[in-house]
Amino acid sequence: MGSRTSTLSRKNATVINITRSRAKSRVSIGFSCTISEIQNTGQSQRISP
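Residue numbers (our numbering): 1 to 49.
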């Protein structure tokens, strides 16, 4: 029983780590997208008189 619980906890830990990494990547992608949008809007405003 002890070995089984340890393996299960290890699997859960790996799943949690994967979900955390995915969430971080999503946040970073969204952040970069917002930055690019802000830069694009700034450039368009500069071009337009």
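It should be emphasised that the hints constitute simulated quantities derived from the structure, not laboratory data.
Mixed in with the good hints, there may be bad ones.
[Claimed, not checked] Derived SDA-like pairs (lysine to any residue); straight-line CA-CA distance at most 20 Å:
#: 1; residue 1: K24; residue 2: I35
#: 2; residue 1: K24; residue 2: L8
#: 3; residue 1: K24; residue 2: T14
#: 4; residue 1: K24; residue 2: T41
#: 5; residue 1: K11; residue 2: R22
#: 6; residue 1: K11; residue 2: A23
#: 7; residue 1: K24; residue 2: N12
#: 8; residue 1: K11; residue 2: V27
#: 9; residue 1: K24; residue 2: N40
* To do: Any hints from earlier that this structure breaks? Give me their numbers in increasing order, please.
  => Hints 2, 4, 8, 9 contradicted; others consistent.
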